[in-house]
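Enquirer: Chains as they are written, first to last, in this note's numbering: chain X, 1 to 224; chain B, 1 to 364.
A portion of the hints provided could be inaccurate.
Dumping the calculated DSSO-like pairs for lysine-lysine here, alpha-carbon to alpha-carbon at most 30 Å [unchecked claim]:
| # | chain 1 | residue 1 | chain 2 | residue 2 |
| --- | --- | --- | --- | --- |
| 1 | X | Lys220 | B | Lys127 |
| 2 | B | Lys63 | B | Lys30 |
| 3 | X | Lys219 | B | Lys280 |
| 4 | X | Lys220 | B | Lys121 |
| 5 | B | Lys130 | X | Lys220 |
| 6 | B | Lys262 | B | Lys287 |
| 7 | X | Lys220 | B | Lys129 |
| 8 | B | Lys287 | B | Lys234 |
| 9 | B | Lys6 | B | Lys63 |
| 10 | B | Lys121 | X | Lys219 |
These are calculated hints, taken from the structure and not from any lab test.
Being a predicted model, the structure only gives us computed values, none of them experimental.
Residues per chain, in single letters:
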Amino acid sequence: MLKQIFPNVAHIWPQFVQSIWETIYMTVWSSVIAGVLGLGIGIVLVITQEGGIAEDAYVYSLTDKVVNLLRSIPFIILLAVMFPITNFIVHTTVGTTAALVPLVVGIFPFYARQVQNALLEIDPQVIEAARSMGSGNLEIIFRIYLREGLPDLIRASIVTVISLIGLTTMAGAIGSGGLGDVAISIGYARYQNDVTIAAMLVILIMVFIVQFAGDWLAKKTVHL
Amino acid sequence: MADSEKPIIDLQDVSVTFQSSGKQLHAVNKVNLQINKGDVYGIIGYSGAGKSTLVRTINLLQKPTSGNVIVGNQELLKLSNPELRQARKKIGMIFQHFNLLNSRTVLGNVEYPLLSQRISKADRVAKAKKLLDLVGLSEFERAYPEQLSGGQKQRVAIARSLANDPDILVSDEATSALDPKTTDDILKLLKRLNEKLGLTVVLITHEMQVIKSICQHVAVMDDGKIIERGDVAKVFSDPQQALTQNFVDSSANVTEALAQIKADQSLQALSANERLLFLKFRGQATKESLISDLTELYKLKANILFANIERISSTSIGYLIIILSGQSKQLADGINFLNQHGVNVKLLATEKKGEQTNVKTNIS
Numbered sequence: 001m002l003k004q005i006f007p008n009v010a011h012i013w014p015q016f017v018q019s020i021w022e023t024i025y026m027t028v029w030s031s032v033i034a035g036v037l038g039l040g041i042g043i044v045l046v047i048t049q050e051g052g053i054a055e056d057a058y059v060y061s062l063t064d065k066v067v068n069l070l071r072s073i074p075f076i077i078l079l080a081v082m083f084p085i086t087n088f089i090v091h092t093t094v095g096t097t098a099a100l101v102p103l104v105v106g107i108f109p110f111y112a113r114q115v116q117n118a119l120l121e122i123d124p125q126v127i128e129a130a131r132s133m134g135s136g137n138l139e140i141i142f143r144i145y146l147r148e149g150l151p152d153l154i155r156a157s158i159v160t161v162i163s164l165i166g167l168t169t170m171a172g173a174i175g176s177g178g179l180g181d182v183a184i185s186i187g188y189a190r191y192q193n194d195v196t197i198a199a200m201l202v203i204l205i206m207v208f209i210v211q212f213a214g215d216w217l218a219k220k221t222v223h224l
Numbered sequence: 001m002a003d004s005e006k007p008i009i010d011l012q013d014v015s016v017t018f019q020s021s022g023k024q025l026h027a028v029n030k031v032n033l034q035i036n037k038g039d040v041y042g043i044i045g046y047s048g049a050g051k052s053t054l055v056r057t058i059n060l061l062q063k064p065t066s067g068n069v070i071v072g073n074q075e076l077l078k079l080s081n082p083e084l085r086q087a088r089k090k091i092g093m094i095f096q097h098f099n100l101l102n103s104r105t106v107l108g109n110v111e112y113p114l115l116s117q118r119i120s121k122a123d124r125v126a127k128a129k130k131l132l133d134l135v136g137l138s139e140f141e142r143a144y145p146e147q148l149s150g151g152q153k154q155r156v157a158i159a160r161s162l163a164n165d166p167d168i169l170v171s172d173e174a175t176s177a178l179d180p181k182t183t184d185d186i187l188k189l190l191k192r193l194n195e196k197l198g199l200t201v202v203l204i205t206h207e208m209q210v211i212k213s214i215c216q217h218v219a220v221m222d223d224g225k226i227i228e229r230g231d232v233a234k235v236f237s238d239p240q241q242a243l244t245q246n247f248v249d250s251s252a253n254v255t256e257a258l259a260q261i262k263a264d265q266s267l268q269a270l271s272a273n274e275r276l277l278f279l280k281f282r283g284q285a286t287k288e289s290l291i292s293d294l295t296e297l298y299k300l301k302a303n304i305l306f307a308n309i310e311r312i313s314s315t316s317i318g319y320l321i322i323i324l325s326g327q328s329k330q331l332a333d334g335i336n337f338l339n340q341h342g343v344n345v346k347l348l349a350t351e352k353k354g355e356q357t358n359v360k361t362n363i364s
């Protein structure tokens, strides 16, 4: 059946399967790295802003500006701009590992903003109550912010991972490998539309799985 | 201070000034406040009076712009951060909106302040359970805050505030979001904790009823200053300030009654030998039969429109709004008689406007 509907996909089947794994590889690793970075910077934004538990106008404004700057660079340009830096960090500019560098830089500012917004949802009076109980800043971050904000953080993470899957395909334009690469270099360049459509379908399935798993998790953490 | 013992809370010349768009706002203006151990001290005032800001200086949630904060012999402003956190653990605090952690169970909320203590999990859980038992919520330990009523949430907050065995409990409008019955239950609980644990309670409110039901001492706050303070019975039975009087009157529903009577046109249309009077009796005067004396001695008739007695600890304050009718000479004599017996008489209306000012100077 595969041969009838997707003849060209069947023809490159091993490469197609390989590209699925490459997309998963890029998504998972850049999620993990950008997740840690974005979470950290989101927390810095929340605690250093005016009225935050570690208010610091200088740190806040610097962080805020860096995040804004990085967010305003279009990803396709970021890919090109990052070439020398990528080369310096991973000693290559092609392949999935090389793609991780621009992917992380492209997504962590976005995630940091999402984290910031999620944590700002927490009632400042709850933070004040924690301070009245003698909680220190680290305690407030780990036991209040990250815990009370968990449902919103999970939702923010779903949105981010889904955006990231989109970015991995764009990285295909510079030869990162993965489904985007297959769709562009084979489906688009050789007019093999069935390859493009197959790549799209696999990506849709990935997005659905992330969305479904995330919603389920978020629901589990809300106690009404 | 009459007590030789040092006060547990000693706020000296505390000021808090906020800057907002170039203007300086003196939320708290050079306040001195001493609260003794074991006291239930109420701070009453309307919103914006600065009472919330003032009590937040007790645990330095709000740093004073100037002044000194001494709690349990410690000068809080001189403490290092870790020392201050330790000091805060001995000052429990509850809030109007409870401020519970929605991601944790009721038990988890009470355990929270103990997470930073070096005690075993079993000890922590045992202590939290004991506290929930103390506030009467044992069967709800597995519930989440969102599943509880307001009164139950406040009980959880109280249990949580007691987890570190504080010496002081600060209540920031803790009953303002609750209905009267629940308010009463929570106040009773606070009183019980005060008696049972020797907890010093500082509570702020805009409701006189709250002060009357559990406080021993009260401070009346207005515009960042304490304008009147002392023993609850003394302050409210003989208010020196108009604002204090205002709280007493509205608590006895007098303000409402006066407004209604003033709005009633039929009551304004008095004949020449009628007077609409507002009488306030205090202490001994409430126990004498002055109204029947008026009838017997001066042949005056009293038509009672409103009557209420407000009891503040052992002192009673009576309020009467009456229409007194009789001959004008006897009316004047009768009013004089009331004045002599310690009744505060205020003339609300007579037949003509010119006459009203005359009589007013006569009686006041």
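Enquirer: Each of the hints needs a verdict: does it hold here or not?
Expert: Status of each hint after checking the structure:
Of the pairs offered as hints, the one joining lysine 220/X and lysine 127/B holds, with about 28 Å between alpha carbons and a cut-off of 30 Å not exceeded. A C-alpha spacing of about 14 Å is found between lysine 63/B and lysine 30/B, which places the hinted pair at or below 30 Å, so the restraint holds. Restraint check: the Cα-Cα separation between lysine 219/X and lysine 280/B comes to about 61 Å, which exceeds 30 Å; the hinted pair is violated. Under the criterion of a C-alpha separation no larger than 30 Å, the hint pairing lysine 220/X with lysine 121/B is consistent with the structure, at around 25 Å.
For the hint pairing lysine 130/B with lysine 220/X, the CA-to-CA distance comes to about 29 Å; that is within 30 Å, so the pair holds. Taking the CA atoms of lysine 262/B and lysine 287/B, the gap is about 28 Å. The hint holds against a cut of 30 Å. In summary, the hint linking lysine 220/X to lysine 129/B is supported, as the alpha carbons are separated by about 25 Å, within the 30 Å threshold. Restraint check for lysine 287/B and lysine 234/B: the C-alpha separation of about 18 Å stays at or below 30 Å, so the hint holds.
About 23 Å separates the Cα atoms of lysine 6/B and lysine 63/B, which keeps this hinted pair within 30 Å; it holds. Proximity of lysine 121/B to lysine 219/X is assessed by CA-CA distance (about 28 Å); at most 30 Å being required, the pair is judged to hold.
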